[in-house]
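Trainee: What follows is the residue order along each chain.
Protein chains: 2
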Amino acid sequence: MTTASTQDTRAIIEAARSEGRAYLTPGECRSILEAYGVPVPSERLATSAASAADAAAAMGFPVVLKVVSPEIVHKTDVGGVVTGLETADAVAAAYESIVASAKKAVPNARIDGVLVQQMVPAGREVIVGTVTDPSFGKLVAFGIGGVLVEVLRDVVFRLAPVSKSDAAGMLDAIKAKQILEGVRGEGPVDRAAIADIIEKVGRIATDLPEILELDLNPVLAHEKGAVAVDVRIAVGEPPTERYRPPHAEIVTAMNRILKPDSVAVIGASAEAGKIGNSVMKNLINGGYQGKIYPVHPKAEEIEGLKAYPSVKAIEGEVDCAVFAIPAQFVPGALRECGEKGVPGAILIPSGFAETGNVAAQEELQAIGREYNIRLMGPNIYGFYYTHKNLCATFCTAYDVKGQVALSSQSGGIGMAIVGFSRSAGMGVSAIVGLGNKADIDEDDLLTFFEQDEHTQVIAQHFEDLKDGRAFAEVASRVSKKKPIIALKAGRTTAGAKAASSHTGALAGNDKVYDDILEQAGVIRAYTLRDMLEFARGMPELPTPKGENVVIITGAGGSGVLLSDSCVDNGLTLMAMPDDLDKAFREFIPPFGAAGNPVDITGGEPPATYRATIKLALEDERIHSLILGYWHTIVTPPMVFAELVVDVVREMKAKGIEKPIVASLAGDVEVEEASEHLYRHGIPSYAYSTEIPVQVLGAKYRWARKAGLL
Amino acid sequence: MTTASTQDTRAIIEAARSEGRAYLTPGECRSILEAYGVPVPSERLATSAASAADAAAAMGFPVVLKVVSPEIVHKTDVGGVVTGLETADAVAAAYESIVASAKKAVPNARIDGVLVQQMVPAGREVIVGTVTDPSFGKLVAFGIGGVLVEVLRDVVFRLAPVSKSDAAGMLDAIKAKQILEGVRGEGPVDRAAIADIIEKVGRIATDLPEILELDLNPVLAHEKGAVAVDVRIAVGEPPTERYRPPHAEIVTAMNRILKPDSVAVIGASAEAGKIGNSVMKNLINGGYQGKIYPVHPKAEEIEGLKAYPSVKAIEGEVDCAVFAIPAQFVPGALRECGEKGVPGAILIPSGFAETGNVAAQEELQAIGREYNIRLMGPNIYGFYYTHKNLCATFCTAYDVKGQVALSSQSGGIGMAIVGFSRSAGMGVSAIVGLGNKADIDEDDLLTFFEQDEHTQVIAQHFEDLKDGRAFAEVASRVSKKKPIIALKAGRTTAGAKAASSHTGALAGNDKVYDDILEQAGVIRAYTLRDMLEFARGMPELPTPKGENVVIITGAGGSGVLLSDSCVDNGLTLMAMPDDLDKAFREFIPPFGAAGNPVDITGGEPPATYRATIKLALEDERIHSLILGYWHTIVTPPMVFAELVVDVVREMKAKGIEKPIVASLAGDVEVEEASEHLYRHGIPSYAYSTEIPVQVLGAKYRWARKAGLL
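Protein chains in written order, with the numbering used here: chain A, 3 to 711; chain B, 3 to 711.
Chain A on its own, in the form it takes in the complex:
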């Protein structure tokens, strides 16, 4: 595309907007598509029968002729349209008859001529378009036209612009993609031609942000080429860009806030049951080793520490100020933090946007920007950073150190995270409440956790993304290094309605979230337990080196259910090579089933489990292992658990590490055995054939997206 045409397209849009039009005319639409090289049917205005015939011959038959007159709206009614013209003579004759009919029907009409249009042969209908999402900005959409997109909503979204290879990937992301390959004897459509249109639409959306919607519907795709037959373009006020601090600034500030050397508690209290007292106790009893400065207008000392009348009275630097005062006092105290140069405020108080008090929240945002203070919250429980023994929260303390960082938009979910973690003994690096997200949001956290040496996996619960585009950009980068798990609440219409009454946030179309999270390499969890189990299990599993999964089971019935789960979770059950099949058969009874699952049968001693697991770990063709244990007297649960831990340790000493998960079927002793296995890096579940496979599946999904498989 030349610069000239960019200027042309800009002029078109500005003209339409200055006239107050929401839609471009067909001619304007056509000009924009042509400027970007999107194929459209040829057309030419002819003012004589001869020039119509010439035009038709130049663009190729068949053609359609349509009268052009400002006075004639319903062209067909006046005999103003003739379709399917196959020869120059027929075109010339049609020209004359159209003009005659039109003149007769509308005697006073000014006839500007007749439009000669190329008739595009039937092809497979696809739809390409762009929409402007309140959170993600410009999106490109692709779907199969007709009933598939209308009835079954078979469509895929990506952030605009898209590269040509991403555009090509969109063709494989729809359910009915087989239609593009050809069914009922058709050949495949020209994928490159469609991808080219998608890519160009992405550029149009990016270059011309005033285009709020653009629909090419249908695009007729052929075995060679694709043509946009119909187009509709809506224009309006382009979305405004949200301010974001530069990356280095975010990192510096977030490191001071989440790993502070000093914490001030604004509203510290000596009175048990008060939030300001709970925060103080959590800081002190949690074992935080940095400086703690209680701030209270009158107290001399709180919980044995010297108190200050104001944050400004503190001698040393303050990295992080935790607010535990009523909403109406927050702005004043926040200003003082600004004057003191505190980089971050943890705004526990509620009474802001979540109660409808949007103005009060905007006031905080303004102060934050004025003094360059990052704000967490308001309306949050605070945060935990275990590797600093820091519980900057009024909720129960938590101190089990580990590699998972979790965050939640909601306090209830935050408490569920703490409870689940404690119950499961899950080690975490951080738990963070984001609440109203007046400032700090999920992508700020991602930016911090990306470079935090204690965090290897990040799990985030949210109801909306205030800036989905920024999130997607950061997540795309971070997910290459560290798995990101997202629980997006308000997925469904009913759920989205609840979300908007909760936070005043407009929940986005869930399919958009699905697609963009996928594009960004984020592992989406669809339930709270899934998020929690993925967060717990993924750091335990080494990254698999390949797709070959093998099930070894003592219970054939578990093997069947585990196989079901493998398919449900996109895992590949390895086709067992003959030599390996033979090797397994050496260890199992003659009626045991080798193949995959390897069914060692129920009555086998520990040695059989040991030998088969060892074989699977040692063989390089096998990349991951799912164990299905069946409780028997011959191999009791803890004997099984210990032998597995033992084999794994032996193999690790030889440098062999593979993801292993286990499903334990049996009486209640299998619960203890599962815990023993989990403590030794093998995610294991009693009475479930699906959860261990889901956890392994999540690891695979991540590894594939991160390009490690």
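Everything labelled a hint here was simulated from the structure, so no lab data went into it.
For each residue, glycine too, the CB sits at the ideal point set by N, CA and C.
Please note that the accuracy of each hint is not assured.
Stated by the list, open to error - Quick look at which bits of chain A chain B covers, simulated, 3 or more residues with Cβ under 8 Å: (1) 364-373; (2) 411-424.
Claimed, not checked - If you want the ones that stay clear, here's a sample from chain B, every Cβ over 12 Å from chain A, calculated: (3) P72; (4) G86; (5) A94; (6) Q120; (7) A175; (8) K177; (9) V231; (10) G238; (11) S264; (12) G275; (13) L307; (14) S410; (15) A585; (16) D601; (17) P608; (18) V647.
Dock chain B against the given chain A, drawing on the hints supplied.
Mentor: What follows is chain B alone, placed relative to chain A:
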């Protein structure tokens, strides 16, 4: 349809089979469809131009003409086909030209005439057919034609025959059903005409079992009428009917077997660790109050009870014989049971079909039929019937009495059932192992549990149904009274493969299972945990009286996730009437969100939970309640649990009972609170917003199918 045409159709099929043909000719297909009144395009053989014109006029224009000659296969190539004829003159002319062209192209061809066929106008393509399933027998299928059925497998199955109303229901069971309503300006198709064809195809399949497959593809459906344009019929050996004892006989035998007054243990042993010893100990220590007869060739006494050298030596009647001897001795001992008149044998031993020894299993089946002994197994763990304190198994004992009966095809899953039950304190009536299912299968169990006063809910794990049709028939009846939960393993291709290596059973197409279980009113669980949680929760919940579900939550974030789960599980969040909304607002803070979810906000005292829950229970417009609790100091977990139990008790005293489930978000104390709630009839889960809603959803699915809603 007249009897005469039934005879005609039978003659057609017998002729085809006697000639060894697998497919009927187009003419034969047409005759069968016509005999049943399935609309097909009119056609007539004309032998002159005039008769062709007459025929066309009679059937209506447009028509197509096709040459009929045994020597001419590719009619189009010889100018033997003319389509789109609109007038009698055109038909006459076409007749002459076809005959002339054909004679010229194939001079020696015998020309029998020209076929005049009605051209069916374009319409929406649907597919109607019948297939013969190895387990379910004759099935009717319906789908949208073209890419939808081919690419997206959008098809629904029902057992044949189907009533007209069931046939009409099939039109609503496909994903793309909106196409039948009309899209892009089309009107709705003639649903009655399609349903009529489906019903007729069901009758054809039932009347003519030799028709193994019948495809009407496409049926062109119009706004008025529908016509089967193309048909294909495959014939072959009809499936054989499996023997089943009469209902009364099944009930009598199963009652003696599962609730026996006397049990013999064939292969009782005094040696700890032997299966025959474990069974003896479980019977004695489990507190079984009936007679126990150890059978052992030499022992005088086993575990303090008099032993018998053979079952025939026992003085009294024996209701149930538990086998704990090696496979090769089973046939002899089974014969002795037969001679003794024992009605049921519990065949724990393995070494039969599951190890490939099919002949040995067939021998047992023959003995069973000869002596009218019902066989459970072989290759099982046995069974439990808690209300008789009966543990007829070598596995660990279980004695918590309750209303749920569970069964499993696999021993591993059976042990998972025992472990989960013990861990959750789940009361059960029975746990039964079915193993190889040489005889007793899922529908025998359903028949027993239907009339068992201690069983209110039935949960079954299976990999195949040896007689899916019998199962569906019994389940359709039983599910009206008692919920049936099914975990069908081997759902997926990989899973089905594992199933067939495990039991030698051919796992059916999963979509067929899905549809037929649906038709039979069975609640399908897709994972082991789902089956277990549904089994545990469903008996606790009263049957809802309507669809209106209300969420009351202290955590807005939980409310959003609970709403998501409601939509996922087909539950209806009641649109809150203004007066009720106002009534709720009386109790909650001004910034709390009424509507639905009712968000009472996090800082509220017990009184707010109490008042809102009471209001929801008392208002008749609300039918079910989902509680989302958030752990705070103001309302600690056990305080919440106790107040809920208290309100529910108070309401129950007033005759108000509604299904209530709860999701508890908080620190580990919420686990104890959840257990307390569950013990009092409120299925409650810590750290999960989805499981409680799934359980409620299962209850609703059942109530709807049972016609109670």
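Trainee: All the hints need checking, so say for each whether the structure fits it.
Mentor: The hints, checked one at a time:
1. 364-373: Coverage by chain B is violated for the stretch 364-373 of chain A (0 residues, Cβ < 8 Å).
2. 411-424: holds (count 11)
3. P72: Label holds. Min Cβ-Cβ 28 Å, cutoff 12 Å.
4. G86: The assertion about G86(B) holds, with a minimum of 15 Å to chain A.
5. A94: Given that every Cβ of chain A is farther than 12 Å from that of A94(B), nearest at about 28 Å, it holds.
6. Q120: Answer for Q120(B): holds, closest chain A Cβ roughly 24 Å.
7. A175: 15 Å, holds
8. K177: 6 Å, violated
9. V231: 15 Å, holds
10. G238: 27 Å, holds
11. S264: 28 Å, holds
12. G275: 6 Å, violated
13. L307: 23 Å, holds
14. S410: Nearest chain A Cβ is 7 Å from S410(B), so the label is violated.
15. A585: Holds: least Cβ distance 17 Å, greater than 12 Å.
16. D601: About 7 Å separates D601(B) from the closest Cβ of chain A, which leaves it inside 12 Å; violated.
17. P608: Given a closest Cβ separation of 16 Å, the condition holds.
18. V647: 21 Å, holds
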